[in-house]
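K.L.:
Respectively, the protein sequence lines represent chains V and D. For the first sequence, our numbering assigns the number 1 to the initial residue and increments by one for each residue that follows. For the second sequence, our numbering assigns the number 1 to the initial residue and increments by one for each residue that follows.
A hint or two may mislead.
The calculated label-pair distances, taken between Cβ atoms and stated as ranges, are [claimed, not checked]:
| # | chain 1 | residue 1 | chain 2 | residue 2 | range |
| --- | --- | --- | --- | --- | --- |
| 1 | D | R337 | V | E707 | 30 to 36 angstroms |
| 2 | V | D769 | D | E78 | 49 to 55 angstroms |
| 3 | V | P642 | D | E78 | 22 to 28 angstroms |
| 4 | D | D324 | V | E568 | 50 to 56 angstroms |
Worth flagging that the hints you see were computed from the coordinates, not collected in a lab. Bear in mind the structure is a predicted one, so any value in this text is a computation, not a measurement. Here a beta-carbon is modelled for each residue, glycine too, at the ideal position from N, C-alpha and C.
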Amino acid sequence: MRISRRWLGNYIDLPDDNELLIRTLTFSGIEVEAVEELPALPETVLTARILTAEKIPGTDHLMACTVEYGGSNPVQVVCGAPNCRPGMLSVLALPGSVLPQLTIKSAKLKGVESHGMLCSERELGISDTHAGIIELDVNTPLGLPVNDLYELPDTLLDLEITPNRSDLLGYLGIARDLSASLGTPVKFPELLPIAGADCPAIDLKLILEDSENCPRYTARLLTDIRVQDSPQWLKTALIKTGLRPINNVVDITNFVMLETGHPLHAFDYDQLAPVEAGDPQPAIVVRKARPGEEFVALDGKSYVLDDQALVIADGQKASALAGVMGGKDSAISDSTRTLVLESASFNPCSIRATSYKYKISTDSSYRFERHLSPALPVDASVRATELLVRVSGGKVCHALKDAYPEPERALYLALRPRRFTELIGYQLEESAIKSYLEALGCRFVQYGAWQEEPLTDPALIHCHHAEEQKAGKTEFTEIDCDHALYFQIPPHRVDLTREADLLEELARLAGYDRVPQKTAISLIMDRHAHRVQRAIVDHFALAGFYEMTNYSFCDPAQLADLAFPSEELDRILLRVINPQSSNQSAMRISLLPSLLANLSYNLNHGERNLKLMELARVYHRDGDSYTEPLFLTALCTGQAAPEHWQQKAREIDVYYLKGIIESLLGSLNLPVTATGSMPRPWLVDAENLAFYSGDALCASLGRMRSETLERFGIDIHKLKQDIWVVEIPVQNIVEATRGISTEFQPLPRHPSVVRDISFVIGLNIPYGDIQAAIKAVDPSLIQAVSIFDEYHGKQVPAGSRSLSLHLFLQDSEKTLTDERVDQTVASVLKMLSAAWQIKMR
Amino acid sequence: MKEKLREVADQARELIAACQTANDILNAKAQYLGKKSLINQLYTQLRDLPEQDKPAFGQLINELRAEVEQLLERRDQELKQATRELHDQTREQDLSLPGCFQPRGSLHPITIIRRRIEDVFIGLGFEIAEGPDIDDEFHNFDALNTPPDHPSRNLADTFYLDNGYLLRTQTSTVQVRTMEKYPPPIHIISPGRCYRNDKPDPSHSPVFHQVEALVVDKGISLADLKDTLQNFAQIMFGPQVRSRIRPHFFPFTEPSAEMDISCVSCKGTGCRICKNSGWLELGGAGMVDPAVFKMLGIDPELYSGYALGVGIERIAMLKYNIPDMRILYENDVRMLRQFSGETG
Ligand SMILES: [Zn+2]
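Work out the full structure, taking the sequences as your base and the hints as a guide.
P.N.:
Structure below.
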């Protein structure tokens with residue numbers, strides 16, 4: 001719903017700061033979705049009268065006008081608007097005026113000088129209307145700045161009204177809610193009693209047939225109405241809210257709808273038929289449509305109704321789709337003299353069904369669908385009547401006709417302050433509870449024992465302390481009685497039916513930012529480390545490794561068997577003072593001895609293919625202190641993948657383990673940036689690898705020496721298998737991956753191209769170097785290089801090998817042409833020949 | 001001219017019938033229907049004919065062209081249909097032969113149970129805190145209100161190292177370290193290795209694993225402890241499991257309790273595992289002693305808390321019906337292979 005700040009300001013004093021107003025609205029549950037500033041226009045944009053207007057020869061529609069705007073001499077202005085004519089009052093922007101879209105300058109058009117511009121509403125930035133220049137009331141003073149006319153500057157706010165809040169569909173409702181948040185009173189328009197004159201010649205028969213779908217129908221008769229253009233203040237109000245002014249009667253019904261939120265409708269009395277021809281009075285009948293009944297709406301479209309639609313009919317035919325749209329025949333026209341002003345209440349379901357079925361959605365149906373109480377129509381009717389008398393000079397006939405067979409009863413709800421504390425999380429003082437709810441229009445009635453069901457009769461409120469309350473005591477403890485506060489709910493708040501609804505109102509008005517944080521998060525846990533540790537162990541388990549759990553002790557003699565230098569042992573080994581046995585007399589500095597024992601044990605139990613791992617801390621003395629670094633160590637021998645009837649078993653080799661490590665680091669988003677060697681006394685020389693990401697050692701692997709294995713009781717002469725070891729310093733990976741997160745890359749829009757190349761190259765040239773050199777030929781184009789064959793054999797000279805590679809080429813900008821691909825492959829081969837004297841196969 | 005037409009037609013029919021691939025079809029199309037095709041040449045030759053013969057021959061060439069188009073289209077469809085049939089053909093194979101896969105290894109049962117316990121407590125809002133295996137007497141004994149002459153400090157019970165430190169006898173050391181470092185509220189569990197100088201036997205091991213829980217917050221009572229125990233027991237062992245606490249003594253809790261769950265084997269009716277009592281002892285627990293709080297600078301008037309501890313080996317043995325704790329430390333892959341199907 002779009003509202004004007006200036007108009008809203010008529011009902012409540014607003015904070016000067018727009019930001020504060022917007023924040024207050026939004027944080028009390030009325031979200032401000034958009035803000036549009038209507039800036040002040042220059043003082044040189046004024047009301048003016050067109051004295052003469054003459055067509056400029058040789059043009060379609062341009063007129064040369066003389067225009068007066070009070071004070072100085074009339075000016076000459078060229079105007080092309082279709083409605084431009086002598087005598088009319090409009091808005092003149094003098095040269096130098098800066099308008100939202102253009103700056104006015106003196107100019108010559110078709111040889112005619114023009115010293116200003118006559119403006120449309122769009123040119124002034126106040127609406128989208130551009131059909132012609134603005135036409136003002138002839139009594140408007142000349143030379144008046146338009147800022148006064150259009151109440152500029154102003155701010156327009158687009159509000160999102162949630163479907164439960166029918167009370168917020170008018171300015172007064174917004175003002176009432178703001179009043180509760182801001183603590184300032186609402187300035188309601190004064191409604192004086194209206195005395196209807198005796199009009200024997202004018203009367204109406206009101207028949208309410210369907211009170212289920214229309215709980216209340218009021219009709220007011222006014223005569224001697226003069227239908228004409230609305231006064232400027234009324235037009236301005238409607239224009240800013242996005243409605244087009246039509247005539248003073250329709251504009252007033254719209255104005256009152258926007259003000260109160262309650263839609264009204266006016267019928268031309270003289271177009272209404274009586275029930276029986278010859279009846280002196282025409283009729284209004286609220287009934288279901290007759291099956292097949294035709295109805296021509298205000299907009300000229302005709303509808304065939306079924307018996308579900310509620311209509312407002314005269315004595316003969318449907319004159320309006322109740323609460324949705326009026327009919328064409330009974331619409332207010334310039335010749336209307338007497339009117340019937342409808343202010344009614346309709347069943348929201350009926351309105352929703354009709355609006356849905358006939359695909360008509362209007363400002364009126366939008367409001368009635370959200371449920372408006374039958375208590376509201378009278379005030380809206382009184383307000384509109386008063387304005388109609390004032391603006392259109394009408395006279396009220398008779399008292400208000402009011403069909404209201406079953407008046408709604410007021411609702412009384414109990415609220416327990418302790419429930420607020422329990423549900424919202426902090427204590428709200430009783431005085432605050434009362435003042436918030438009273439600002440919304442609720443009325444505090446009395447204290448009483450809590451009852452869940454709403455009451456319609458305050459006499460049903462029980463309190464053990466009724467006498468004391470009467471004597472003026474207001475503070476009771478929970479023990480005194482159930483200590484509930486009873487409030488009478490105002491009719492405009494049809495959404496307040498339970499204690500929970502009242503608690504919500506209080507929480508929202510007091511502000512959600514008052515709700516305290518109960519428990520600060522301590523963030524003790526290193527969640528990242530936890531995830532990475534699990535991922536590493538799971539990776540090995542999925543690759544077929546079994547997890548070991550060994551004691552944390554070791555045998556210092558076995559460390560000597562691994563050929564740990566004795567001075568290093570003296571420095572880092574922590575000894576147990578009271579060990580259970582000598583082979584448990586120190587803390588482990590490596591997981592390898594335990595795993596070798598596990599391997600030996602399992603080989604002795606007939607297993608041949610073993611993949612073992614352990615994730616555990618090792619313990620290092622560090623001067624007077626110590627460290628407990630976490631390691632994953634894996635030991636394996638035999639088959640990497642089991643034999644299958646389709647393929648032979650694959651033995652564990654360096655590439656198998658390299659693959660495990662590369663895929664592990666890849667799965668952790670940790671690219672290997674370098675490899676090196678990690679010589680160890682227990683590893684075969686030159687058959688070990690260390691993997692680094694940046695400076696961090698992430699993993700190492702190697703093949704165990706026969707001597708070490710024999711010392712640990714593993715008979716390699718019988719086993720005839722290699723034994724491999726992997727060591728992962730887990731903490732290094734945890735730290736290297738901390739903060740790393742996948743970042744989505746836009747997908748390539750052009751397909752990639754694969755080209756294969758094969759060549760013979762010396763065995764001494766590492767593949768890694770070749771791969772890097774190829775990529776470097778055109779890094780933006782060559783996305784990847786992968787090897788799919790290495791061949792040693794007859795056709796290849798000794799000391800050489802043949803390599804076959806896939807090159808993946810991709811251009812992020814455009815689809816690759818064959819020429820470009822060929823060129824790139826040629827450059828790669830040229831580079832390879834130059835660098836390493838390759839031979840093509 | 002007539003002859004030439006017939007010759008071209010015969011050749012075309014033969015060539016199209018011999019097409020075996022989509023590429024053959026394309027070539028034939030170029031040869032007969034393309035710009036420099038044989039049929040287009042015929043149209044060129046039409047110019048040299050006498051005027052009265054032109055319409056008839058023109059008509060004949062048009063018909064030939066239409067026929068070739070039709071033949072090409074038909075042959076194309078035939079080839080496509082043949083490919084389809086080949087694609088969907090039933091293949092001769094024995095679907096009962098085993099599939100090809102990399103067999104999973106397994107986590108150790110201690111890890112499996114440790115992860116399950118961690119996940120139960122994380123679900124209950126706890127965080128995991130870790131601390132060193134090697135610790136000092138303050139964190140392992142003094143801060144936990146253990147009297148200086150308490151027997152658990154003996155060499156016969158606790159391992160000591162040559163640098164003056166000891167191997168923690170419970171992960172309560174992590175509770176102490178957490179309370180030193182973080183202000184309440186604290187909701188943690190501390191899983192990890194513990195050490196006691198016990199000879200390995202069916203229910204003891206010098207190295208074992210424990211999970212302790214510690215809660216320090218406002219308004220924490222014994223009822224919270226019982227809630228957590230009951231939640232834990234049911235999530236871990238099943239919805240039918242009941243729990244109880246019995247009075248006991250620990251230096252760092254007041255009141256102290258031992259926690260039992262109904263026997264997971266006989267469901268409480270009595271059996272060999274529960275020694276006919278219907279109950280199994282799960283571990284120790286209690287409300288944190290105010291003296292412990294004071295030592296760590298936490299106001300016991302403002303905060304209260306509980307601690308509980310369970311042995312991971314014991315739970316693994318109960319859950320998987322493992323009769324002897326030593327089996328867990330043998331690391332026999334024939335035992336571990338049985339846990340390949342247990343997700344951690
Ligand atoms: Zn039992």
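K.L.:
Give a verdict on every hint.
P.N.:
Results for each hint:
1. R337(D) to E707(V): 30 to 36 angstroms: holds (31 angstroms)
2. D769(V) to E78(D): 49 to 55 angstroms: With a Cβ separation near 54 angstroms, D769(V) and E78(D) satisfy 49 to 55 angstroms, so the hint holds.
3. P642(V) to E78(D): 22 to 28 angstroms: violated (47 angstroms)
4. D324(D) to E568(V): 50 to 56 angstroms: violated (38 angstroms)
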